[in-house]
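Two independent chains are provided; combine them into the complex using the hints.
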Amino acid sequence: MKNTLRIERAILNITQADLAEKVSVSRQTINAIESQKYVPSTVLALKIALVFQKKVDDIFSLEEND
Amino acid sequence: MTPRFLLPNQFKLIGWLIAIPAFVLMLFVLHGDFAFEFLNFSRGNTDSLQVLFDSPTLFSIRTNNFTDELGGILLILGLLIIAFSKEKDEDERITVLRLESLLWAVLINSILLILAIVFLYNGLFLQVMCYNICTTLILFVIRFNWKLYADRRTAKTSGL
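Each protein sequence line maps, in turn, to chains W and U. Residue numbers for the first sequence follow numbering that gives the first Met the number 0, so the first one is 0 and each next one is one higher. Residue numbers for the second sequence follow numbering that gives the first Met the number 0, so the first one is 0 and each next one is one higher.
Looking at chain U on its own, in the form it has when it is part of the complex (with noise of 0.2 Å):
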């Protein structure tokens, strides 16, 4: 039972060297208003009333600046290399683990976003729908990496 879909063990150093810059980045755009001038982008009539209401969708708005969406990407992207990256020991036990672990990250979120829906509102409830772009693999990133330390330290300190 060999997994498929899965990147060599390398991959997983890249993930990391790319979710962390990226998750930090994500946090100065999301509380510090942070962006980047070259990322500046803006066509056409640009007056503050037709910013207002500028167009949704990517081919016809007038002015953005695309840090959010260059950090949104990349934070996913790398997250996504470190959740399906090879172990250096990957075996069927392992890919058990992993799928276990899915399972609970999703069931937790699920979870965390009908309580937010309940008990949170307006500018709050947006900030947590940011976060919850990545809170599912967040989730099973450290639900899987908790759950093979545990296992080697247990198959470590029971002998032969």
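Chain W with its partners taken away, still in its complex shape (with noise of 0.2 Å):
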């Protein structure tokens, strides 16, 4: 699954640790995600998408071997 949260982050100016704070999880978390090692569950991905005020599948997308 690839994401645009590095993107998305870089839009807002916000770090790891902000992010992670606002969806509470660690900042490895976030960084793991961002470095596609780890698929957030659906309540996470629905709590990012919040912080970036938009859909989840503006940030989320499937890749050809999902």
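Watch out, some of these pointers could steer you wrong.
To be verified - Stretch-level coverage of chain U by chain W, calculated; a stretch enters the list once three of its residues show a Cβ under 8 Å from a Cβ in chain W:
1) 84 to 92
2) 147 to 156
To be verified - DSS-like mimics (lysine-lysine), calculated; alpha carbons at most 25 Å apart, straight line:
3) W:36 - U:146
4) W:36 - U:85
5) W:21 - U:155
6) W:54 - W:36
7) U:155 - W:1
8) W:36 - U:155
9) W:46 - U:155
10) W:54 - W:1
11) W:46 - U:85
12) U:87 - W:36
13) U:85 - U:155
14) U:87 - W:21
15) W:21 - U:85
16) U:87 - W:46
17) U:87 - U:155
18) U:146 - U:11
19) U:155 - U:11
20) W:1 - U:146
These aren't lab readings, by the way, just hints derived from the structure by calculation. Each residue gets a CB set at the ideal place from its N, CA and C atoms; glycine is no exception.
Here it is as structure tokens:
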């Protein structure tokens, strides 16, 4: 699963730690999502979308092998 | 997705404080025949032939030293508390890591057990079975903490 977290963060100009705090997970989790090592739960994906004021599938999208 | 059945983070330290002394105690019990005198127990006829064929259950044994029972229980309890205490930054990814580590530990432990069954016999096999009482939990604790450590390190080096 691909995501545009890094870009969205750059637009809002917030750090991984800021985002982590807003959605109450650890910074490592945000880092793992950005580097595509971890696929967030639906709940977390919705929370992240809420922070960026976008729809979940504007931020997360499927890849060929998903 | 909040994990259930987990203890608060502070319990982790308590777990270590129970598990490490218990582990050392069990090493001495297993390899040095160590026993606390005050945990000696005997009743009825305890001549050597009777004791050799002593009853196999708690409520009918004639003589026993309970050091190994005490150590074994403390070791398992301590390891359980370590394994199932929350991390300071517990979140859904750590829950996934915990489950993956548990799966890994069971798998590796089973493989080691099969190897022991094939290659080890008699007294040595029995000794390995003694260790096997707690190896699943030990493997789990090692693998889970290693993963957490590696994770924190990559997060640190990969900038903002």
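Hints versus structure:
1. 84 to 92: As far as the stretch 84 to 92 of chain U goes, the hint holds, because 4 residues have Cβ atoms under 8 Å from chain W.
2. 147 to 156: Three-residue rule met by the stretch 147 to 156 of chain U, so holds; n is 4.
3. W:36 - U:146: 13 Å, holds
4. W:36 - U:85: 22 Å, holds
5. W:21 - U:155: 19 Å, holds
6. W:54 - W:36: Answer holds: residue 54 of chain W to residue 36 of chain W is near 22 Å, not above 25 Å.
7. U:155 - W:1: Holds - the C-alpha atoms of residue 1 of chain W and residue 155 of chain U are around 22 Å apart, at most 25 Å.
8. W:36 - U:155: Given pair residue 36 of chain W, residue 155 of chain U holds - Cα atoms ~15 Å apart, limit 25 Å.
9. W:46 - U:155: 24 Å, holds
10. W:54 - W:1: 15 Å, holds
11. W:46 - U:85: 22 Å, holds
12. U:87 - W:36: OK: residue 87 of chain U and residue 36 of chain W at ~21 Å, within 25 Å.
13. U:85 - U:155: 21 Å, holds
14. U:87 - W:21: 17 Å, holds
15. W:21 - U:85: 21 Å, holds
16. U:87 - W:46: 21 Å, holds
17. U:87 - U:155: Status holds; Cα separation ~17 Å.
18. U:146 - U:11: 17 Å, holds
19. U:155 - U:11: It holds: about 24 Å lies between the C-alpha atoms, which stays within 25 Å.
20. W:1 - U:146: Roughly 23 Å separates the two Cα atoms, so the pair holds.
When each numbered hint is compared with the structure, no violation occurs for any of them.
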